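**Q** Residue-level listing of the chains:
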Amino acid sequence: AQSVAQPEDQVNVAEGNPLTVKCTYSVSGNPYLFWYVQYPNRGLQFLLKYITGDNLVKGSYGFEAEFNKSQTSFHLKKPSALVSDSALYFCAVRASYNTDKLIFGTGTRLQVFP
Amino acid sequence: GAVVSQHPSRVICKSGTSVKIECRSLDFQATTMFWYRQFPKQSLMLMATSNEGSKATYEQGVEKDKFLINHASLTLSTLTVTSAHPEDSSFYICSAIGSPSELEQFFGPGTRLTVL
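As you go down the protein sequences, you meet chains Y and R in turn.
Numbering-wise (the numbering used here), the first sequence opens with residue 195 and increments by one.
Numbering-wise (the numbering used here), the second sequence opens with residue 3 and increments by one.
Think of the hints as simulated: they come from the structure by calculation, not from any bench.
There may be inaccurate statements among the hints.
Said to hold, decoys possible - Heads up, simulated BS3-like pairs for lysine-lysine below, C-alpha to C-alpha not over 25 angstroms straight-line:
#  : chain 1 : residue 1 : chain 2 : residue 2
1  : R       : Lys66     : Y       : Lys271
2  : R       : Lys43     : Y       : Lys243
3  : R       : Lys66     : R       : Lys16
4  : R       : Lys16     : Y       : Lys295
5  : R       : Lys43     : Y       : Lys271
6  : R       : Lys66     : Y       : Lys263
7  : R       : Lys22     : Y       : Lys295
8  : Y       : Lys243    : R       : Lys57
9  : Y       : Lys271    : Y       : Lys252
10 : Y       : Lys243    : Y       : Lys263
11 : Y       : Lys216    : Y       : Lys252
Just so you know, these numbers come straight off a predicted model, no measurement behind them.
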């Protein structure tokens, strides 16, 4: 079965520093991977996706993610964190090739300190 | 990007009453809509998948008679929590997909349900 793991419950980073939010996946076949962000009491906002092609995917708000097949990882990154990036981040994988269902990780809370 | 709305954003009701939550795709036609439930500080749990004009597909462990889903048009899906109880209190989020070629889901802002 497809699954994703987010090993960190919380990531703390100072404003202006680079940030990384980790995600590893387990899939059979080619993975369809996604990152979403959730602000308090709000729904999820799409950040980026990897389907095929270039391993480095650029998304919204300056975020990017690198697909690493050998390490089965899809870490979210940003070169310079902003306080406004503080939120809950979810990694997700498509449940199977013939469904639109997503399986979400447990989420990582990013806290950016001024 | 595509916009999905939910109404109401917050509802408080008495135990035993039914509550209807609407999910609308505002600027696109949604072939498929999903309903999730999120407990505090937890991830999203998929409850059901609904396709316009057909019965919803419920995930294992989700009571279909408790959580009624109607996808009456390509822009509207409703979730009705019947005979709500305090344990049904949660944050309910819907999402939608447009054409089959679009792989990302677009999420509504969520509905906070509190059952007294």
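**Q** Confirm or reject each hint.
**A** Hints versus structure:
Of the supplied pair hints, the one linking lysine 66/R and lysine 271/Y is violated, its CA atoms being roughly 40 angstroms apart against a limit of 25 angstroms. The straight-line distance between the Cα atoms of lysine 43/R and lysine 243/Y is roughly 24 angstroms, inside the 25 angstroms bound, and the hint therefore holds. A C-alpha spacing of about 21 angstroms is found between lysine 66/R and lysine 16/R, which places the hinted pair at or below 25 angstroms, so the restraint holds. Taken as a hint, the lysine 16/R and lysine 295/Y pair is broken in the structure, with Cα atoms around 33 angstroms apart against an allowance of 25 angstroms.
In summary, the hint linking lysine 43/R to lysine 271/Y is supported, as the alpha carbons are separated by about 22 angstroms, within the 25 angstroms threshold. In summary, the hint linking lysine 66/R to lysine 263/Y is not supported, as the alpha carbons are separated by about 39 angstroms, beyond the 25 angstroms threshold. The straight-line distance between the Cα atoms of lysine 22/R and lysine 295/Y is roughly 23 angstroms, inside the 25 angstroms bound, and the hint therefore holds. A C-alpha spacing of about 29 angstroms is found between lysine 243/Y and lysine 57/R, which places the hinted pair above 25 angstroms, so the restraint is violated.
Between the alpha carbons of lysine 271/Y and lysine 252/Y the distance comes to roughly 10 angstroms, so the proposed pair stays at or under 25 angstroms and holds. A hinted pair counts as satisfied when its Cα atoms are at most 25 angstroms apart, and lysine 243/Y with lysine 263/Y qualifies at roughly 15 angstroms. In summary, the hint linking lysine 216/Y to lysine 252/Y is supported, as the alpha carbons are separated by about 16 angstroms, within the 25 angstroms threshold.
Violation of the numbered hints given earlier is confined to hints 1, 4, 6 and 8; the remaining hints are satisfied by the structure.
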